[in-house]
Amino acid sequence: MSDNHSRQSDTDSRTDESNPSVETDGGEPEPGEPRRGATRTDGGVATGGPTADTDTDYLDSRVNIFKPSTPFMRDHLRIVWTMFAAWAVFVFGPVTATYLATDFMTSVTVLGFPLHYLLTAIGAPTGALLLSFVYARKRDQLDEEYGIDHSGGATTSDAESEPAATDGGADR
Amino acid sequence: MTFAPVPLDLLPDALNASFKLIPAIMVSAMLLLFLGIGYAFRVADTEDLWVAGRSIGNVENGMAIGANWMSAASYLGMAALIALSGYYGLAYVVGWSTGYFILLIFLAAQMRRFGKYTAPDFVGDRFDSDTARAIAALTTILIGFVYSVGQARGMGLVGIYVFGGDYVTMVVLMMGITVGYLALSGMLGATKNMAVQYVILIVAFLAGLYAVGWTQGYSTFLPQVEYGALLSSLSTEFTEPFSSGGFYLWVATAFSLIVGTCGLPHVLVRFYTVESERTARWSTVWGLFFICLLYLSAPAFAAFGTDLYANKVGEVYGANGMSGAEGDVIVVIASQLANLPTWFVGLVAAGGIAAAIATTAGLFIAASSAAAHDIYTNIINSDATQRQQLLIGRATIVALGAIVTLTALDPPALVGELVALAFSLAGLVLFPMFFLGLWWENANRPGALAGMTTGLLIWVGAVLNELVLATDAGPVVPVYADLFPAVGAALLGTPIVFAVTIGVSLATDEPPERIKRIVRQCHSPEPMGQQQSAEDVVSADGGQVSTDGGRVSSDDDHPQGDD
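Residue numbers (this note's numbering), protein chains in the order written: chain A, -19 to 152; chain B, 198 to 760.
Just so you know, these hints were derived from the structure itself, not from any lab. It is possible that some hints are incorrect.
Claimed, not checked - Cβ pair distances, simulated, as ranges: (1) F64(A) x V676(B): 25 to 33 Å; (2) D706(B) x F46(A): 16 to 24 Å; (3) S736(B) x L80(A): 50 to 58 Å; (4) T82(A) x D669(B): 29 to 37 Å; (5) T89(A) x T366(B): 44 to 52 Å; (6) F46(A) x N508(B): 55 to 63 Å; (7) A237(B) x F113(A): 28 to 36 Å; (8) G92(A) x Y445(B): 23 to 31 Å; (9) A592(B) x A65(A): 45 to 53 Å; (10) L654(B) x F46(A): 23 to 31 Å; (11) A696(B) x R58(A): 25 to 33 Å; (12) F64(A) x T412(B): 38 to 46 Å.
Said to hold, decoys possible - Below 20 Å or equal to it, Euclidean Cα-Cα: the simulated SDA-like pairs (lysine to any residue) are: (13) K713(B) x I45(A); (14) K118(A) x N255(B); (15) K118(A) x F486(B).
What the hints assert, rightly or not - Short derived list, chain B residues pointing at chain A, Cβ under 7 Å: (16) L287; (17) S294; (18) E638; (19) S721.
All C-beta atoms, glycine included, are put in the ideal place defined by N, C-alpha and C.
Model the full structure from these sequences, guided by the hints.
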């Protein structure tokens, strides 16, 4: 609980410095909006649910991959784009290097392989696998940070929610 | 470049095609096992048929992803492409493995949250259009068709080794078995089967690789790396970069396979079968791990096979070199040339058949649900009973099986290339819709229709230009073939489709608020129930604010629609 709170204030101050109302209006500044503070106190403390993100209404937060509108989406996309860049280097780096510096890449030998063959045939798939693992780990950590629990969380939230949601879920 | 039609009249000389008792028993036992598992898990209702009741866990789903994924194109075609086209063949290794990462970071969890049965269902509901649904469903069926032709060719060629006989008989027999088993079992059986199929195919492939490497003195414990030492003694065609395909073609092929991976309906449906989005993510990691086991081994197998062929049969490259049909079974030929016992070669062959059947099963399921669920139920007869849907689904499987069998009798390309065509199609038509649909809430109906039509036209143009209407002199319009090679049309094509979709979306009205809210729900970190979809959450909400199971009660008074 206390962890969540300190993390949350971090997020808040960061948000306020950069863009005061970034999560509601897709980047059009609307300073002095009172909602955030008030909601956070209620949502976080009064009901005792996952504190981290109850102040964000995801159904009112625009979805645009270049303009993340919620703290969660911003944190998530930072991971996504960083890892995407690393992935692009693993995948298209070796072949581009081979194209640009053919003699070097084909004459250097590592483990018996010409360097271009090693980096392409083994480097790229292994790199993608490692990146996938790292991403899934980071995403789990992000979930934890935001108090998201997929194991018991889903069923609990079902049980607590209004009947309509349960019906909607069971409806085939 | 490698698209010269491959004559199929010649049987691989090195293959020793004849009826072999023990391999025949092994293959038959394996097929009976699949049918048995399919029967044991046979299904009676559509929920089970399509998404296996959303009951599948991490590792099992990872194996299913692997088996579903690793078709004859991976088991047989990958080594063939590496052996026949050298460094260019590695574009297939890279494209078919690394694409899963893009799927993982951009699509898997959001798709799971959207919670639709099928890819066309996603497109139809997201863009709120039955026309879009129909185009996506037809694309799904087209992908299943093109892709399965490659599988049928692979099964037929391997079948010749095991049962003797001719290619035509074998294709008909193998496709008959696949269709029979599928019509019986549906998706639950198929998912259970896929874990078994994965184990069979990976064990067979690795056992073959280790045995060939060991007996021929190529390798000991890690052939996936040890084959490096062999490379310098092979013909220069094997490693020389850009000898059989230039830099552009290499990148275009890899790119097409990557975006194709993210657009393939039978791959995406695997994310609907898991219990939560966390499982969707981790099963992708497991799936990629299982895939890498094979994809790191295939180049080694190709190197061993090429060396054995050069030593024992003759020239690999050049006019009298290895034929396309021989290349497509190089994995089996390598085991044969290494003088491994017949039963062992039979095991390797059985793995190839398992791979082909598993993937054909997944594709036919995707195509049949596209026909029964998306076209029949949603467009033609909205009151369809489950019985009618199952009937339509099974009829589709049988009809598709018949057309695939006919086409596979004289296929226009190598197994791997045929399959790459399907990827190119998925990357052009479906991937942009998935990506924009999930990551840009303003993508709308006219945008999707314009984009999908553009993608289809680019693909059909490339295939007509390079394969169907092409003569011995080459493609009809060489410039078009250079820019949009049939196996790599997505490199230029997908950005065009993106631009068209975005441009038309901006020029027309924004999608309704209801759709936007569904998209937003896909990006909310709040956990959702196992059987919930984003639409359920949004509509259960009555159009009001709270989405988190009613925890936030103080939000009612905050301004709505503040945009």
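Hints, verified against the model:
no.	hint	verdict
1	F64(A) x V676(B): 25 to 33 Å	32 Å, holds
2	D706(B) x F46(A): 16 to 24 Å	22 Å, holds
3	S736(B) x L80(A): 50 to 58 Å	54 Å, holds
4	T82(A) x D669(B): 29 to 37 Å	32 Å, holds
5	T89(A) x T366(B): 44 to 52 Å	48 Å, holds
6	F46(A) x N508(B): 55 to 63 Å	56 Å, holds
7	A237(B) x F113(A): 28 to 36 Å	34 Å, holds
8	G92(A) x Y445(B): 23 to 31 Å	29 Å, holds
9	A592(B) x A65(A): 45 to 53 Å	48 Å, holds
10	L654(B) x F46(A): 23 to 31 Å	28 Å, holds
11	A696(B) x R58(A): 25 to 33 Å	26 Å, holds
12	F64(A) x T412(B): 38 to 46 Å	44 Å, holds
13	K713(B) x I45(A)	14 Å, holds
14	K118(A) x N255(B)	17 Å, holds
15	K118(A) x F486(B)	18 Å, holds
16	L287	5 Å, holds
17	S294	4 Å, holds
18	E638	4 Å, holds
19	S721	3 Å, holds
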